[in-house]
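Colleague: Please construct the entire structure, taking both the sequences and the accompanying hints into account.
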Amino acid sequence: MREYFDEMAAAIQPLLRGAERYTATFRGEESDFVRFNRGAVRQAGAVTQRALTVDLIEGRRHAAGTLTLRGDAGGDRARLARLIGELREMRGELAEDPYLLYATAVHSTDRRRSAVLPDRDTAVRAIARAGEGRDLVGIYAAGSSHAGFANSFGQRNWYSAPSFNLDWSFFHDSDKAVKAAYAGTEWDALELERKVASAAEQLAVLARPSRALRPGRYRVYLTPAALYEILGVVSWGGFGLRAHRTKTTPLIKMIEEGRRLHADLQISEHTGGGIAPDFQDAGFIRPDRITLVDGGAYRECLVSPRSAAEYGVETNGASASEAPASIEVGAGAVPVDGVLRELHTGLYVSNLWYLNFSDRTACRTTGMTRFATFWVENGVIQAPAEVMRFDETIYRMLGDNLMGLTAEREVILDPATYFQRSTDSARLPGVLVDDFTLTL
Amino acid sequence: MQAARAESVDLDAVAASFRAAAPAADFCSLRLVEARDEHLAVRRGVVQPPHVTYDCGAMVTVWDGGGVGYAATSDLSSSGLRRAAEQALAWARRTAGSHVLGASGWRPQVGDGEYASPVETPWASIALADKVGLLRGEAERLHTDARIVDWEAGLWHTALDTLLVTAGGGRVRQAFQFLVPTLSATANAGAETQTRTFGGHAYCRQGGLEILRAVGFFDAAPRLAGQALELLAAPNCPSGAMDLVIAPDQMILQIHESIGHPLELDRILGDERNYAGRSFVTLDMFGTYRYGSELLNVTFDPTRSEQLASYGFDDDGQPAHREDVIGAGILLRPLGSGSSQARAGLPGVANARATSWNRPPIDRMANLNLEPGQHTFDELVRGVERGVYVETNCSWSIDDSRNKFQFGCEWGRRIENGALREVVKNPNYRGVSATFWRNLRAVGNRDTLEVLGTPWCGKGEPNQVIRVGHASPACVFSDVDVFGGDA
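Residue numbers (my numbering), protein chains in the order written: chain H, 1 to 440; chain L, 1 to 487.
Quick caveat, the hints were computed from the structure, so don't treat them as lab data. No false leads were slipped in.
Think about it this way: if two alpha-carbon atoms lie no more than 20 Å apart in a straight line, the pair counts; the simulated DMTMM-like pairs of lysine to aspartate or glutamate are:
no., chain 1, residue 1, chain 2, residue 2
1, H, K253, L, D486
2, L, K131, H, D97
3, L, K131, H, E89
4, L, K131, L, D37
5, H, K253, L, E192
6, L, K131, H, E93
Modeller: What follows is the structure in structure tokens.
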């Protein structure tokens, strides 16, 4: 798709008039999606899509438009010309935009990852084998994701990443299930078998009679996947400059009252360690790392170009959402194989689900345990636990009541596929938390 | 008048070239989607960059030898459609013998018909500058005080044309116009921040710009700003078991999460267990299970023309009709489309829906409405000795079986001895779907009913976000676990 993007980008410049400038972004994918239920295929197919967004600028006036490209260069050039004509007419009806900011220094990059993806038959057969004799439900997504940027200064950025992501659950009964994932760029049948065997081992524990818990406070171990959900809801404004300046950040008590998280907590946006593109829609390049929380104290915000112009600070290449795409939490000292011993008696929570705020200004969140949650006594898993609702503030979970972080961290590749396959990822430890409040 | 469209596709011409290229298979269909989206907003007195999106593509679906496959492409040339058909056929053959639907014998039955949204004042009939001016005026009316630190007015318009054809001659053409108006005011004092919105995105409907007046868009700004300021000094919502009076713009969330999703038949059949979740409802409950009190009457109604998810046919080509889903509290019918009905052996509704051309149809709730009762709003409040009245959802969380829920609202008022008292902030409540609806004690009349919806319902693997509609009156529930925020 790189060549096609270059061809379309080259077609924009001759369409400009006078002092007009442009920025353009490209998104594309060629993906296979195979959905499974009870070990059988539910839906299977392929999606090829590519879209070009153009921001047509003259002075401080601009308007943006997105066009799904069809792949015939002549036709797409003509459609692009009509889009630019429409944007020019729209722009003529608009006032100047005081917060328009786009990159003018040229930083061209080309980041193409290689991969060894399985052929379709191999993948489907392997997943079917994993489901033999088990209730397997989930999705296999594989193929290439592409992103590009171009502007009238000659900057060109390209990102292309083939990958696969098998995101599945083995169900025992009702809501008792083990969630697992096998994602990456180098398909290894033996690695898949190991992950299947590991999930099947946990599945056996789910067959034990489950334990119903009363609302109350419990010591818990939250796996990296569970922590990812917590950071996901905090990221709804928690790390963006705009939310900070409009006082809508859920971390407002850190900003206004100096509240801190645990001193061992380091949170950063580590673009260099993730799989997301290192450029954004206005052409700014993201730094390798932005420290968000350091020693439990708030450090830096993610700053989009628009917020940078609005609030008079430098942009650090954040997207318009100002949410992390490659979040990382520093490791702690608890070895993963010692987690149950440290937990001693309490809950091992493999996944959390459907988080939201109970009180945004207090950064108090609620959500559910999901999939494999185990009751542990004296460092030994005793039984699966019924799903429970929690309600806790970030300041208790990752502050006063944080007992420790694991020494080993997991890389999580976001399986989300809204509109297009996600390129978000995370590198996170698990966390031990005391007095974690369960409410329902 | 607005600028001319940058793109307009002759969908019937594309369909003709598909029919010429359709492979020999048990069944083959083409679903074409063409959409134009336009987002306008004014925030803090500044016009945000307007964005227009043109999206057009096709999904070819092939059934062959017990397998089913799809291929989605934006290449609408004859060769592009032929390649997509070959890909879909390959997926059908690859899944033959292992496909959930393979042995069902079910195939989409695509008839012949058309549907169009009712539009009085077309989006394009008013110039961009005038629409921006309208938003600028409403945004300014939100900024009533220096403590209003963020304020925004927006419009999101979508024109969506779809054409579903089969190699065998079926043809369904539908043309939709959607409008989503938004307003928000955020007030701040120190570490206290409160936001009031115009129902979130709830005042979304099918139609043209006449919707703005119909939903009260021009009356809302000063009230919302005043309420945001009022919340800054308000006490937290009281805690305890009490009566709860829920306004329509929170009722729609309650209906959506704890009736709509648990009744989606694909969830009951297990398709969504790895992502959106399962359901506490099982197939044997239909016809006998008491879902709520006798006051609970819920309909699947794609015929209410102004509502967001009205349509003539679903994306499998099934004609859509109004159906009773819950009658006098008894569960009657799941929200399942033709293929799910065949798997479950139950009657359902026409609700196979896809986000766009690049996602296959799955069971979605579409318009799911709670039918009005007898009481005026004043009567609802007068019947409450101790309770809280809540408006506008701001937080939603529910377990994967759609049972244990917790929802939060933007604004509340304490009720004592049948009268509304002081405003309270951070009103939240939690409960269990399986018992909550049985505590439905009173249902508001038609004067309390609002026709609302959301453009943001997420579900499916691969993920899909889709428009759904909900109409509801205000309702009263007994013995609800209510609570506020941190002190």
